[in-house]
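Chain residues, written in single-letter form:
2 protein chains.
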Amino acid sequence: MWDFKHISIIGLGLIGGSFALNLKKHGFPGKVTAVDLNPEAIEKGINLKVIDNGDTTGDVLKEADLIAIATPVGVYKNVLKTIREKINPEKNIIVTDLGSVKGNLVYMCEEELKNVARFVGGHPIAGTEKSGVENSIEDLFKGAKFILTPTENTDTEAKEKIKKLWHNLGSRVIEMDPYYHDKIFASVSHLPHVVAYSIVDAIDILSKQLNEDLFMFTGGGFRDFTRIAMSDPVMWRDICMENRENVLEAIKTFKDSLTHVEKLIEENDREGLKAFFETARKKRNKIS
Amino acid sequence: MWDFKHISIIGLGLIGGSFALNLKKHGFPGKVTAVDLNPEAIEKGINLKVIDNGDTTGDVLKEADLIAIATPVGVYKNVLKTIREKINPEKNIIVTDLGSVKGNLVYMCEEELKNVARFVGGHPIAGTEKSGVENSIEDLFKGAKFILTPTENTDTEAKEKIKKLWHNLGSRVIEMDPYYHDKIFASVSHLPHVVAYSIVDAIDILSKQLNEDLFMFTGGGFRDFTRIAMSDPVMWRDICMENRENVLEAIKTFKDSLTHVEKLIEENDREGLKAFFETARKKRNKIS
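If you're matching them up, the sequences are chains A and B in order. Residues in the first sequence are numbered consecutively from 53, following the working numbering. Residues in the second sequence are numbered consecutively from 53, following the working numbering.
Please keep in mind that the hints were generated in silico from the structure rather than gathered at the bench. Predicted model, so just to flag it, every value in this text is computed and none were measured. Treat each hint with caution, since some may be false.
Copies of the same chain are indistinguishable here, so a pair counts whether it falls within one copy or spans any two.
Claimed, not checked - Think about it this way: if two alpha-carbon atoms lie no more than 35 Å apart in a straight line, the pair counts; the simulated DSBU-like pairs of lysine-lysine are:
{"id": "1", "residue 1": "K335", "residue 2": "K182"}
{"id": "2", "residue 1": "K166", "residue 2": "K129"}
{"id": "3", "residue 1": "K307", "residue 2": "K101"}
{"id": "4", "residue 1": "K260", "residue 2": "K315"}
{"id": "5", "residue 1": "K76", "residue 2": "K194"}
{"id": "6", "residue 1": "K315", "residue 2": "K129"}
{"id": "7", "residue 1": "K334", "residue 2": "K133"}
{"id": "8", "residue 1": "K338", "residue 2": "K143"}
{"id": "9", "residue 1": "K114", "residue 2": "K307"}
{"id": "10", "residue 1": "K335", "residue 2": "K315"}
{"id": "11", "residue 1": "K143", "residue 2": "K57"}
{"id": "12", "residue 1": "K57", "residue 2": "K138"}
{"id": "13", "residue 1": "K215", "residue 2": "K307"}
Chain A with its partners taken away, still in its complex shape (with noise of 0.2 Å):
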């Protein structure tokens, strides 16, 4: 059922946490270790129990032989010159990571790695706004895509190994190029969440200039809206600048659809502005 026996966790947040919460509730047998920057992260997961061990060092995952990053994607240059001193090239453990973007970077974790350890880039579709394992939830992962990226350097054993692994947590596992996942995501998560921290900074602006604090006058449907744009924003910077292009592709398309409402608000296209609301409610409501 589960073929490791030590899993080391690099970044140990909500993602970092829940992944080690849930390796427990499912019945890992085996050791859940973490190294994060923050000691206090450390001492808040094995206080919850979330983690056996961990230090600030690295020094952890010398013993583990998988390896998870979950820290943003703009440190993993610094993380894979970590994991690159610390274990053991001999062992030729797999390394595996939790990361929104793949492309390129499934490529350098690769290269970094060559050598030394067996790299498996993958994605698992969940999260909340929420940040910090102490807000680590149960079952995240259940019911959730998990999207591998596997390349033609992938070790085949390693990926079949990452893959029962997050069958084991009830992830349903779909492979896929890193590139492809990168398109796919900058449309139905990246924009999003640029839009939401953008509405709320509009809104701000509108604000100042109305001399009035309009959250104040927001409602349940507001709220809802904006939830995201509570996330983590060092994740996010992150995320945008390492997908860029697409994540501007994406943009430049929603920009182009707000236009066109525009117009049709402008030139009182009445049947118009109620056809394009239907048509978006109708896609919408396929997938409540």
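Given chain A, put chain B in place with the hints provided.
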């Protein structure tokens, strides 16, 4: 406690139905009737015990001492015509509304009902993406803001009675200039709806470009984010058209915010993008 004996609601959808339901739940001892062009809505309303009686012709209005308009704002002209035809001017009854746009509409209602009834404009800040009397919600208005928009023409006694009515339903009544109301809600309510519909449109376009149903890859964040895109298209078309100038102004400000983010990403301004997301997050956190 209650100043009315027979309240008649025009437009028996989610808002009109919830208003009726909550009158009863909060102990209104009088009669509650409704007028709707759709006989099924009236039938459902009676069967669900949301209203006592109703019709499609407006004849029930003859007996009402309060009429509440709860239709999309685009049909107010016709609604006011029906009211004029049905009521007895000598009774000097009160007419109010629950529409999301005030401004010119309030003055139009006053003008059309001059010498016939006393109009008081209002807007309960409550609702969901659902539609229809069958989705009426108990305590929908409890704890919610109710914006009352009196003008220099408003009858003071009528205004106080409407205020008391909404207090009875648990709402917090705020008085506001009708034009000021429209500026505020263009930003915090109308803009978010336009954006939600537009992002669904954009993802549909991106789906076609990739020849992939991108909606299949959305997660919980996206569902929350686009929930309001399931709202009634006619209602929102009417709101955007009636509040055209303010909505266009809000869209323009939002597009500027989006362009700002675009530039930060293009220029790889990591600190700038982080600061932008951080500031938005802080603003949003305040209303969570």
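Status of the hints after comparison with the structure:
{"no.": "1", "hint": "K335 / K182", "verdict": "both (28 Å within a copy, 15 Å between copies)"}
{"no.": "2", "hint": "K166 / K129", "verdict": "within (14 Å within a copy, 73 Å between copies)"}
{"no.": "3", "hint": "K307 / K101", "verdict": "neither (46 Å within a copy, 46 Å between copies)"}
{"no.": "4", "hint": "K260 / K315", "verdict": "both (26 Å within a copy, 22 Å between copies)"}
{"no.": "5", "hint": "K76 / K194", "verdict": "within (14 Å within a copy, 43 Å between copies)"}
{"no.": "6", "hint": "K315 / K129", "verdict": "between (45 Å within a copy, 25 Å between copies)"}
{"no.": "7", "hint": "K334 / K133", "verdict": "between (48 Å within a copy, 33 Å between copies)"}
{"no.": "8", "hint": "K338 / K143", "verdict": "neither (48 Å within a copy, 50 Å between copies)"}
{"no.": "9", "hint": "K114 / K307", "verdict": "neither (49 Å within a copy, 50 Å between copies)"}
{"no.": "10", "hint": "K335 / K315", "verdict": "both (22 Å within a copy, 30 Å between copies)"}
{"no.": "11", "hint": "K143 / K57", "verdict": "within (13 Å within a copy, 84 Å between copies)"}
{"no.": "12", "hint": "K57 / K138", "verdict": "within (18 Å within a copy, 80 Å between copies)"}
{"no.": "13", "hint": "K215 / K307", "verdict": "neither (38 Å within a copy, 42 Å between copies)"}
The structure is inconsistent with the numbered hints 3, 8, 9, 13, although it conforms to all the rest.
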